[in-house]
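S.K.: As they're listed, the protein sequences go chains Y and R.
Residues in the first sequence are numbered from 1 upward in steps of one, following the numbering used here.
Residues in the second sequence are numbered from 1 upward in steps of one, following the numbering used here.
Calculated lysine to aspartate or glutamate pairs in the EDC-like style (CA-CA distance at most 20 Å, straight line):
no., chain 1, residue 1, chain 2, residue 2
1, Y, K122, Y, E385
2, R, K184, Y, E71
3, Y, K82, R, E308
4, Y, K434, Y, E326
5, R, K314, Y, D97
6, R, K314, Y, E89
7, Y, K82, Y, E149
8, Y, K74, R, D181
9, R, K314, Y, E151
10, Y, K130, R, E311
11, R, K184, Y, E149
12, Y, K130, Y, E89
13, Y, K130, R, E308
14, Y, K74, R, D182
15, R, K314, Y, D132
16, R, K184, Y, E151
17, Y, K224, Y, E214
18, Y, K347, Y, D412
19, Y, K82, R, E311
Honestly, the hints are just simulated from the structure, not real lab data.
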Amino acid sequence: MTAQRPLRLAAVAAALALLLSACGRDDDNADDTGGSDNTTETTAASDEDGGGDGGDAAAFIVPEEDCANYEGTKGIEGDTIKIGTVRPESGAYSIYDTITKGLEAYVTAVNTDGGVTAGDGKTYKLELVKADDAYDPAKTPAEVRRLVEQEGIFAMVGEIGTSNNLAVRQYMNDNCVPSIGLATGSPEWGKAAEYPWFIGGLPSYATEAHAFMEYLKTEKPAAKIALLYQDDDFGKAYQATIKKDIEGTDITIVDEQSFNPLTETSPESKVAQLATSGADVFFVGIGGAPCPAALRAQPSDWTPMTYISITCSGKTAMALAQGRDEGIYSTQATYDVGTAADQANPKVQEFFTKGAAAGLQEAELQGGIAAAGWGFGALFVRGLELTPTVDRATLMNTLYSLDGENFGLALDDAAAHTNGADDPWIIEDLRVIKRTAGSWEGVTELISYDGKSNDFVG
Amino acid sequence: MTSSSPAKSLGARRWVPLIALAAVAVVCLALPQVLSSYWTDTITTWIPLAVAALGLNLLTGYNGQISVGHGALFGVGAYTTALILNEWHWPFLVTVVASAVVCFVAGVVIGLPALRIKGLYLALVTLAVATLFPQILEQFSDTTGGSAGLGITNRELNRRGVMTDRSIRFEPPDLALLSADDAKASSQWRYYIFLLVAAICFLLVRNLVNSRAGRSIIAIRDNETAAEVSGVNVAAAKVFTFGISAALAGIGGSLSALELARVSSGTFTLVLSLNLLVAVVVGGTPSIAGPAIGAVFLGFFTNVITPEFPEDVKPLTPLILGVLLVVLMLAAPGGIVGMYRQLQARLAARRAISQTAISQVP
Chain Y
1 MTAQRPLRLA AVAAALALLL SACGRDDDNA DDTGGSDNTT ETTAASDEDG
51 GGDGGDAAAF IVPEEDCANY EGTKGIEGDT IKIGTVRPES GAYSIYDTIT
101 KGLEAYVTAV NTDGGVTAGD GKTYKLELVK ADDAYDPAKT PAEVRRLVEQ
151 EGIFAMVGEI GTSNNLAVRQ YMNDNCVPSI GLATGSPEWG KAAEYPWFIG
201 GLPSYATEAH AFMEYLKTEK PAAKIALLYQ DDDFGKAYQA TIKKDIEGTD
251 ITIVDEQSFN PLTETSPESK VAQLATSGAD VFFVGIGGAP CPAALRAQPS
301 DWTPMTYISI TCSGKTAMAL AQGRDEGIYS TQATYDVGTA ADQANPKVQE
351 FFTKGAAAGL QEAELQGGIA AAGWGFGALF VRGLELTPTV DRATLMNTLY
401 SLDGENFGLA LDDAAAHTNG ADDPWIIEDL RVIKRTAGSW EGVTELISYD
451 GKSNDFVG
Chain R
1 MTSSSPAKSL GARRWVPLIA LAAVAVVCLA LPQVLSSYWT DTITTWIPLA
51 VAALGLNLLT GYNGQISVGH GALFGVGAYT TALILNEWHW PFLVTVVASA
101 VVCFVAGVVI GLPALRIKGL YLALVTLAVA TLFPQILEQF SDTTGGSAGL
151 GITNRELNRR GVMTDRSIRF EPPDLALLSA DDAKASSQWR YYIFLLVAAI
201 CFLLVRNLVN SRAGRSIIAI RDNETAAEVS GVNVAAAKVF TFGISAALAG
251 IGGSLSALEL ARVSSGTFTL VLSLNLLVAV VVGGTPSIAG PAIGAVFLGF
301 FTNVITPEFP EDVKPLTPLI LGVLLVVLML AAPGGIVGMY RQLQARLAAR
351 RAISQTAISQ VP
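With the hints as extra help, turn the sequences into a complete structure.
M.R.: Written out as structure tokens, the structure is:
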């Protein structure tokens, strides 16, 4: 019977641990965007392609040649198009679930209005199937596979997380299933020549950093930057672009600190370190709750020009800064639902009315996170309206040949242009904004970086 | 009651396991013929777990050593396969063997300190291995891909003239057994290969525990001092068992990497180690069939039952599994195999009683 004793101990330990993990599942996956796929050597390749396929005439994706197993109209049954999304419903990053609530609200609003009339003249209803990966890239592949093969979705829309999307990019590419309006701005999504089935729903983080650096060059040509960046793909995208942009200028990085969301809970000590560097610019390239925490951690005698990531510029995150958000900078491509002046815009008004009707709470409507999901839904639906036939490849080709589109909550002057691998980024019109008395105000005109997003990658 | 002679019924009972085994084999072979390719792929992911649990069962059930770190060894096997395939494009099955060898060495290295530390302390040391492993992968994310993972791919030129990664796949041979649909045939073929690898592993372990070395392994579990006195080289046997056990975990990891064509640090956490223990305990130990039964139980729970939970119950899944385990341990401390054995013993006792009753009739 002695043999049974260690085993019983183990069984009890296992049961206890499972119980514990049910209570607090924030273990090993808490990075905003981390890691890198095994594609580093291919960065240069996407520029070489050029317009080899003859510009507009030839389609970007040719399923007969690109796909071993092309099921173009899977997920369309009668007049219903089934789409899927993966988001963290549970876990430490479940705040991002609100993005999906925004997407869901958009789908509900479209269906309430009678559906979407696609380019083929037919009217379709949308059905959204959600899956939960708890922000754990190790869980994403199984969930996506279930959505694609078991639920039989037509496309993924607004899938959240850089690492999570990287974990399934190969699979989606192998199976020729579109993933539209990715809820991440990693420069990886610019590799359309290799991975044409992925198209981003945010501006590239590289373009974002570049927009601010351009502004900085005119405002503070001899700026001394203290850089706080997230120790993963997301943060390193900012770091690389900044380093590239200061070459040949008088701007210097006087200190840089990385913040690892996997092993660190607060950026406080890093901020304290940076505060002693004598920098007059503070670049906060981190996301999630640590972003406003970095603002809070600034000592009162250090008052640099502070920039925060576009991913944390919403009202929800700003409220966490506890008043330390006054005077900081960020960039924007869409109206800010938390800014009084923007709230009068008809698009924002429509979002408020229809979003509320679809069940979004007041705080969600103005928080900025749900608005992002609303935008991903709008992007997908705009694609459907434009595509001459509703199948996976034609829809992607349509999104890769946009000619001046404006959808969702995009600033009125913004116009999305795309052209296959030469110009795979949809959202490239940005302006630099400044936080003034709880609202964002533009400090530059809306600048178009159309077709250049891949150039800013460091 | 029964009219058969005792000798005859004993012979019939000896056939029961064989018939059961044949039935299981038929079901295993038939499954991919009736299931969709999604479900074939899903049940294929249970096979690596079964092989790894087999390894853990050898160590824990037969040898009495505890490891909470087999998830890490599983991971070592997976990364060995992934890195070899991405770098050198070896044949798949050769990478399985390579992973087994690497993990055998890793197991021996962990097994050496296990000579001095026992029970709960050994559990703690292996716990450290399990917790550290994902962090190490994270640390070397340039090579391992970190939490975003590393695809196992071949690079080929695509239509746009760009080198693109294509996931590795099992090229199905032209067999009537396999589906005409190429994608489905690939899934079926992979399943059959995995099944074969697993069957070989189970057979080898069965032969091992029935051999002289196996008796030494079990003797150490039952009474280490007595085993030593009887001439068993305790140190060598323990380290060897740890090595073999780790090699089996490595084979499991390798198969799982081949199945998913991807590895990522988040997969090989403590939770995986615990799941392997759960498979061993639920299946019942010490037994050969136990780990397979346990792996099927776990896979069934994760892939078949859990997706059916209502949305707001889903976050409670680990809690439900935990409660289920506690209940199972109270009801059947010997796991599913233990339950079967108990039932068998009870039946045998009843039969023996009725036999005596019959023989006492004048």
